[in-house]
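So the chains spell out like this:
There are 2 protein chains.
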Amino acid sequence: MTVNLPLPQKAELKPVKGFQMGIAEAGIKKANRKDLLVMTLAPGSQVAGVFTLNRFCAAPVQVCREHLAQEGRNGEIRALVVNTGNANAGTGESGMKHALETCAALAKDLKINPEQILPFSTGVILEPLPIEKIITALPKAVANLGEDNWFDAAEAIMTTDTQPKATSVTVETPAGVVTITGICKGAGMIHPNMATMLGFIATDAGFAPGLLGNLTREVADLSFNAITIDGDTSTNDSFIIMATGQSAVQIQSSNDPSYAILKDALISLARKLAQMIVRDGEGATKFMTIEVVGGKTPEECRLVAKAVAHSPLVKTAFFASDPNLGRILAAIGYAGISDLDVNRVQMWLGDVWVAKDGGRNPDYQEADGQRVMQAPEITVKIDLGRGTATQTMWTCDLSHDYVSINADYRS
Amino acid sequence: MTVNLPLPQKAELKPVKGFQMGIAEAGIKKANRKDLLVMTLAPGSQVAGVFTLNRFCAAPVQVCREHLAQEGRNGEIRALVVNTGNANAGTGESGMKHALETCAALAKDLKINPEQILPFSTGVILEPLPIEKIITALPKAVANLGEDNWFDAAEAIMTTDTQPKATSVTVETPAGVVTITGICKGAGMIHPNMATMLGFIATDAGFAPGLLGNLTREVADLSFNAITIDGDTSTNDSFIIMATGQSAVQIQSSNDPSYAILKDALISLARKLAQMIVRDGEGATKFMTIEVVGGKTPEECRLVAKAVAHSPLVKTAFFASDPNLGRILAAIGYAGISDLDVNRVQMWLGDVWVAKDGGRNPDYQEADGQRVMQAPEITVKIDLGRGTATQTMWTCDLSHDYVSINADYRS
Numbered sequence: 001m002t003v004n005l006p007l008p009q010k011a012e013l014k015p016v017k018g019f020q021m022g023i024a025e026a027g028i029k030k031a032n033r034k035d036l037l038v039m040t041l042a043p044g045s046q047v048a049g050v051f052t053l054n055r056f057c058a059a060p061v062q063v064c065r066e067h068l069a070q071e072g073r074n075g076e077i078r079a080l081v082v083n084t085g086n087a088n089a090g091t092g093e094s095g096m097k098h099a100l101e102t103c104a105a106l107a108k109d110l111k112i113n114p115e116q117i118l119p120f121s122t123g124v125i126l127e128p129l130p131i132e133k134i135i136t137a138l139p140k141a142v143a144n145l146g147e148d149n150w151f152d153a154a155e156a157i158m159t160t161d162t163q164p165k166a167t168s169v170t171v172e173t174p175a176g177v178v179t180i181t182g183i184c185k186g187a188g189m190i191h192p193n194m195a196t197m198l199g200f201i202a203t204d205a206g207f208a209p210g211l212l213g214n215l216t217r218e219v220a221d222l223s224f225n226a227i228t229i230d231g232d233t234s235t236n237d238s239f240i241i242m243a244t245g246q247s248a249v250q251i252q253s254s255n256d257p258s259y260a261i262l263k264d265a266l267i268s269l270a271r272k273l274a275q276m277i278v279r280d281g282e283g284a285t286k287f288m289t290i291e292v293v294g295g296k297t298p299e300e301c302r303l304v305a306k307a308v309a310h311s312p313l314v315k316t317a318f319f320a321s322d323p324n325l326g327r328i329l330a331a332i333g334y335a336g337i338s339d340l341d342v343n344r345v346q347m348w349l350g351d352v353w354v355a356k357d358g359g360r361n362p363d364y365q366e367a368d369g370q371r372v373m374q375a376p377e378i379t380v381k382i383d384l385g386r387g388t389a390t391q392t393m394w395t396c397d398l399s400h401d402y403v404s405i406n407a408d409y410r411s
Numbered sequence: 001m002t003v004n005l006p007l008p009q010k011a012e013l014k015p016v017k018g019f020q021m022g023i024a025e026a027g028i029k030k031a032n033r034k035d036l037l038v039m040t041l042a043p044g045s046q047v048a049g050v051f052t053l054n055r056f057c058a059a060p061v062q063v064c065r066e067h068l069a070q071e072g073r074n075g076e077i078r079a080l081v082v083n084t085g086n087a088n089a090g091t092g093e094s095g096m097k098h099a100l101e102t103c104a105a106l107a108k109d110l111k112i113n114p115e116q117i118l119p120f121s122t123g124v125i126l127e128p129l130p131i132e133k134i135i136t137a138l139p140k141a142v143a144n145l146g147e148d149n150w151f152d153a154a155e156a157i158m159t160t161d162t163q164p165k166a167t168s169v170t171v172e173t174p175a176g177v178v179t180i181t182g183i184c185k186g187a188g189m190i191h192p193n194m195a196t197m198l199g200f201i202a203t204d205a206g207f208a209p210g211l212l213g214n215l216t217r218e219v220a221d222l223s224f225n226a227i228t229i230d231g232d233t234s235t236n237d238s239f240i241i242m243a244t245g246q247s248a249v250q251i252q253s254s255n256d257p258s259y260a261i262l263k264d265a266l267i268s269l270a271r272k273l274a275q276m277i278v279r280d281g282e283g284a285t286k287f288m289t290i291e292v293v294g295g296k297t298p299e300e301c302r303l304v305a306k307a308v309a310h311s312p313l314v315k316t317a318f319f320a321s322d323p324n325l326g327r328i329l330a331a332i333g334y335a336g337i338s339d340l341d342v343n344r345v346q347m348w349l350g351d352v353w354v355a356k357d358g359g360r361n362p363d364y365q366e367a368d369g370q371r372v373m374q375a376p377e378i379t380v381k382i383d384l385g386r387g388t389a390t391q392t393m394w395t396c397d398l399s400h401d402y403v404s405i406n407a408d409y410r411s
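Keeping their order, the protein sequence lines are chains A and B. In terms of my numbering, the first sequence opens at residue 1 and continues consecutively. In terms of my numbering, the second sequence opens at residue 1 and continues consecutively.
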């Protein structure tokens, strides 16, 4: 079950000049399934990434970090390789060896250095990566590299997703038109023993060295770091922005007028992708936006949004379409703002003002709250009344199906 | 459904000299239901409490804090009053007025100062306390005060609990025999809009002024603060230890040899009570002990225990009796120890060594893990391999019934 998540249309996914994708069926976990994706970048491209903070991070995540740190010494990043069916996590030294062997094999095919490749894995953890299957299939993926393969690429990185997730946009800037296209996967951190969030965005804009790193972190914080299904952070989460520089738009500094336009477009596209993960959240029947305003700092707003978005009590109440104010107020109260004056807190469910000055709004009618709760998309707005900072998070409800999906998978 | 939670036997609940309980049916939410409890303490008693940190704390919690702070100026605490059916939370100024009126009415009946009374409420929030019903019923509760009413008292504080929770012990110390009896309530933070954890322990030991405060915090941290059902902290959570000093055992300082014995006994009894709440956790089918050892500090051990105990993925896996190692390792990884060396992490499911040096134990057989997971009580032991600190938490699984109970309550 998904919440307002239409299938992406192939024709809408615009090619990004200088960026190619090739797909293969390696038979990693199941036969006859796209499970290997190779992506290549034209010379001169910039690449930046944000990775899981989980200390049990997977071998490919460690290799990605090292290769991005070595960029320059060993040449710029020119290719990415993603396998599904196996996360290569909790696999120790042999896992690291397999990740490096994957890079080495693809480097040979592409005639570049292994250090110019970023590897990604997602799927079962604690099982050895079937490296031979991957090495055998890599040439097939390389053989069908093309700029028009976005839809197939989105399919190739799916694990527990019920459908591929991709979107595309063109943006006009003073310096010319830029294309941005992205894909992602994820539906909760699940499955034996978890799935993973992966996000890849490519653009034909060019960025001077050093610019893309900060930009990627900013974009991640306002998109993929602002969603939660069940609060669990996987061992493999990765988000990558790639800029081929094949358009007329070349950004030299963050003061460039086109920079702000591109940043807004990247945030908007990344949010759309991130929200697709929530819309496909395990067992999701409701899409919830938690908007916190009036904080002293964005960080404290994030604490409150997270407490509300993570609360099993709030999430089950939304599943039941029950405007259960007390559960939301309680979550605000334990979010961790030790000097919060609750008498200044206001709350709205959609357009209905439900909590006024820390208590029930005297004008609030239960029927109004219930009307809002019937919708598949609901915004909870919380005003902390102590500043001007804001933060928004997106999440889904907690349903019977979430328990079924996660309890029954291996049985 | 409960996990190994037998009904307490009246005969086993020992009276504590100097401590009396009286029960009444005030009809606060439903008729013909014990919903009002008055407790009185002999002169010279010591009382200490630990309260919710939720910023949306209820009016009675604020009054308790004030009256405990005023102790001495206005006389020692001599009585407690608990109502169920209404939490008197999110009720603003009128809520505070009602809590104080409750104390005033009881003070008149008992001929003490209102500041010598601690009020407690649990039940629906955001609804005005029906103060007239409480004031009318108070004399009835006072009329049947007695030392033998522990079972009825445990019943009188129930809300969503499926059964009363109480236990009792006698302890021999060098100075003589001490009786400790306690009751508690709670089954998850739920219901329209939440329930609450309340715990009351009485002993006939005597403590010099000032000793009981620290002791109560230590006991709470190792018992009620070490359990979680769904991670939600209510607006009304309170834990109180009362010492009447009516036995021969009079503790003058924490160096007294009897102090350590009593402390151990109080921790043990409070843990038993706290675990009863987990065993009665909403939808619980499994009782889980999360034991973290080998940490640098108790605090970091608590972070890890909490991450594992709160993870919906871990909890659904236990519901499914699925020895899903990856989910537990992932929770350890994101618990917040930024310099954790995962290669030193060991994990056991019951007596089975499942994760060795951060990866799957080569000798681990899935069948062994599955055998352990079939039991209704399961211990997960995690060795962080970086120190000697330890912390243990208790929790239950996340089942279909949890979603049903919390989603369907108001429909």
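Mixed in with the good hints, there may be bad ones.
[Stated by the list, open to error] Example chain B residues on the side facing chain A (calculated, C-beta under 10 Å, incomplete):
id	residue
1	52
2	53
3	56
4	72
5	87
6	89
7	91
8	92
9	229
10	318
11	338
12	357
Keep in mind that the hints were calculated from the coordinates and are not lab data. Backbone N, C-alpha and C define an ideal beta-carbon position, used for all residues, glycine too.
Hint check:
no.	hint	result
1	52	8 Å, holds
2	53	7 Å, holds
3	56	3 Å, holds
4	72	27 Å, violated
5	87	8 Å, holds
6	89	7 Å, holds
7	91	7 Å, holds
8	92	5 Å, holds
9	229	9 Å, holds
10	318	9 Å, holds
11	338	8 Å, holds
12	357	8 Å, holds
Against the hints set out earlier in the document, a violation occurs for number 4 only.
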